[in-house]
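Trainee: So the protein sequences, as listed, match chains A and B. With our numbering applied, the first sequence corresponds to residues 1 to 290, in that order. With our numbering applied, the second sequence corresponds to residues 1001 to 1290, in that order.
Just so you know, the hints here were simulated from the structure itself, not pulled from any lab data. Where hints are given, some of them may not hold.
In silico DSSO-like links for lysine-lysine, alpha-carbon gap of 27 Å or less [unchecked claim]:
#1 A:Lys28 / B:Lys1002
#2 B:Lys1241 / A:Lys241
#3 A:Lys97 / B:Lys1028
In silico negatives: residues of chain A with every beta carbon more than 10 Å from chain B [said to hold, decoys possible]:
#4 Ile26
#5 Gly55
#6 His77
#7 Leu80
#8 Lys97
#9 Ala102
#10 Ala110
#11 Arg114
#12 Ala123
#13 Val133
#14 Glu142
#15 Met147
#16 Asp165
#17 Arg200
#18 Lys238
Idealized CB from N, CA, C, for every residue including glycine.
There are 2 protein chains.
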Amino acid sequence: MKLMIQQVDEALGRYLPSEETYPTVIHKAMRYSIFAGGKRLRPILVLAGCRAVGGDEEKVLSAACALEMIHTYSLIHDDLPAMDDDDLRRGMPTNHKVFGEATAVLAGDALLTRAFGLVAEEALREGHEPARVLQVIAELAEASGTMGMIGGQVVDMESENRQIDLSTMEYIHRHKTGALIRSSLRIGAILGGGTDEEIRALSEYGDYLGLAFQITDDLLDIQGDQEKIGKPVGSDEKNNKATYPSLLGIEKAQEEARRVVQAAQESLQMFGEMADILRELAKYLLVREN
Amino acid sequence: MKLMIQQVDEALGRYLPSEETYPTVIHKAMRYSIFAGGKRLRPILVLAGCRAVGGDEEKVLSAACALEMIHTYSLIHDDLPAMDDDDLRRGMPTNHKVFGEATAVLAGDALLTRAFGLVAEEALREGHEPARVLQVIAELAEASGTMGMIGGQVVDMESENRQIDLSTMEYIHRHKTGALIRSSLRIGAILGGGTDEEIRALSEYGDYLGLAFQITDDLLDIQGDQEKIGKPVGSDEKNNKATYPSLLGIEKAQEEARRVVQAAQESLQMFGEMADILRELAKYLLVREN
């Protein structure tokens, strides 16, 4: 996994304009948030999804980076004063705190734009079938648009300071974070040449993983170590946010996390040891500290 | 031209989720700005570029709509309080005035995302060669990213309330508005099956057209009719913005507009009457009232 993260970081460095490229401030702002300590979960899922179906990981690095750029743009915009108004992210000042609001808006826009350009540009060099790459671009847009990530964000905003039920909360998570996680696995598998059955199994795994990720995130917000998670403990409660522990209670939420991780593992049954990273990832969620 | 605008409006209606699609507020916000009275210059250029090289206009409607979505997203974000802080656009309240800042940020993001998804999705149905569509997506990202439109916006922001020279002003225009105009013509020509020579000629035409568009825009801001242009006359001077008339004087700026329109016409020499719309467009800029 460490090696994958190194590969992704190195590729992100190559695929973004340098800090010296004119106009410099926007490239500095883009790189600031990209290199602000993300866990690279989505790129790892692209690479691991590709590996699981026996594809060549080297050839999905651009797609992996595109997923990270889209994830990062969404964080920059989410942190804006007009949205969540957060000053810190992973223990570091948020983009608009460092570069100002206007540049932060544009840095997000630019990362989103670059993500699509990158996949289109690199596809041929990486030797993929063009029609398959178009399928990936369409999938990426769907997962990050109003039927995916943006849709989840909208409903999340509408739900602020309101009582919401479990199904609304599930809608939010399945879209706001789940869609991109599921899509990362699918894109890795599509570009890696997976069969329809393999792609379906990885989609299912992605759905469970996204859910487990969210439940454990909610639990960390209550029980975590502020130093390790990089933001104040208890911020969900302070912001009146519906979470799994708040709706189910802590114990039931922990139980649910275990059940979902188990289901994720079961969706990997058809894969051999090439899917071991995905198994590790799911297991890790139950003991994560940040 | 009227027919083209109708075609584009109808296609935009089809290619955007309906106002009833959940979550409704984001789709309302997207449609509000898309249908807020834009002139559809960029989509017309896509269709006209395609026609000039003898292509089938019906098959570039999705690309034409994508260009309009990208243009519209950039206006929504430009109007935000953190950016130009404009309350009116084309005589109507700006997106954030109607839907709030958070939704306006997301509506812009969603239009940009949809633009790329649309081109990728529709390409096959429209019968284009996938490799050519990837080229178009890469071109679109380049023209709207930090080496194009966003780059121009960044330098424009940096230049506010500062004396800038002609070359900086030209950089701003060539990128902030010019890149997308040029790209519209190129994309129409690429998808229409144009030769390299034809694409080159249309790029040149696009550069001159973008420049003429900007100079006449600056002149309208001084000499225009507030009712017709939909914003207060004299706003550039009030905002201390460098413009062609402010740097060259009104008469010299008018002369420059005529010279540039003439150059645009000359770059169309290799085309027959199929390029007449492009000739009309250039001529129209010299008598435009909004």
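Trainee: So is A:Ala123 really clear of chain B, every C-beta pair being over 10 Å apart?
Mentor: violated, 6 Å
Trainee: Would the hint linking B:Lys1241 and A:Lys241 be met if the CA-CA limit is 27 Å?
Mentor: Distance ~44 Å between B:Lys1241 and A:Lys241 Cα, so the pair is violated.
Trainee: Checking the smallest CB distance to chain B, is A:Arg114 really beyond 10 Å?
Mentor: A:Arg114 not clear of chain B: closest Cβ-Cβ about 6 Å, inside 10 Å.
Trainee: Verify this label for me: A:Glu142 is non-interface relative to chain B, using a Cβ-Cβ cutoff of 10 Å.
Mentor: violated, 6 Å
Trainee: Once the closest CB in chain B is found, is it more than 10 Å from A:Gly55?
Mentor: holds, 19 Å
Trainee: So A:Val133 supposedly isn't at the interface. Is its beta-carbon more than 10 Å from every beta-carbon in chain B?
Mentor: At roughly 6 Å from the nearest Cβ of chain B, A:Val133 sits no farther out than 10 Å, so the non-interface label is violated.
Trainee: Non-interface claim for A:Arg200: all C-beta distances to chain B beyond 10 Å?
Mentor: Its Cβ never comes within 10 Å of chain B, the nearest being 21 Å, so this holds.
Trainee: Evaluate the condition: distance from the CB of A:Lys97 to the nearest CB of chain B exceeds 10 Å.
Mentor: A:Lys97 is indeed farther than 10 Å from all Cβ atoms of chain B, at 13 Å.
Trainee: Confirm or reject the statement that A:Leu80 sits farther than 10 Å, beta carbon to beta carbon, from all of chain B.
Mentor: Given that some Cβ of chain B is not farther than 10 Å from that of A:Leu80, nearest at about 7 Å, it is violated.
Trainee: Is the nearest CB of chain B more than 10 Å from the CB of A:Ala102?
Mentor: violated, 5 Å
Trainee: Does B:Lys1002 lie within 27 Å of A:Lys28 when you go C-alpha to C-alpha?
Mentor: violated, 44 Å
Trainee: Verify the proposed pairing of A:Lys97 with B:Lys1028, using a straight-line Cα cut of 27 Å.
Mentor: Not OK: A:Lys97 and B:Lys1028 at ~31 Å, beyond 27 Å, violated.
The structure fails to meet hints 1, 2, 3, 4, 6, 7, 9, 10, 11, 12, 13, 14, 15 from the earlier list, while all remaining hints are met.
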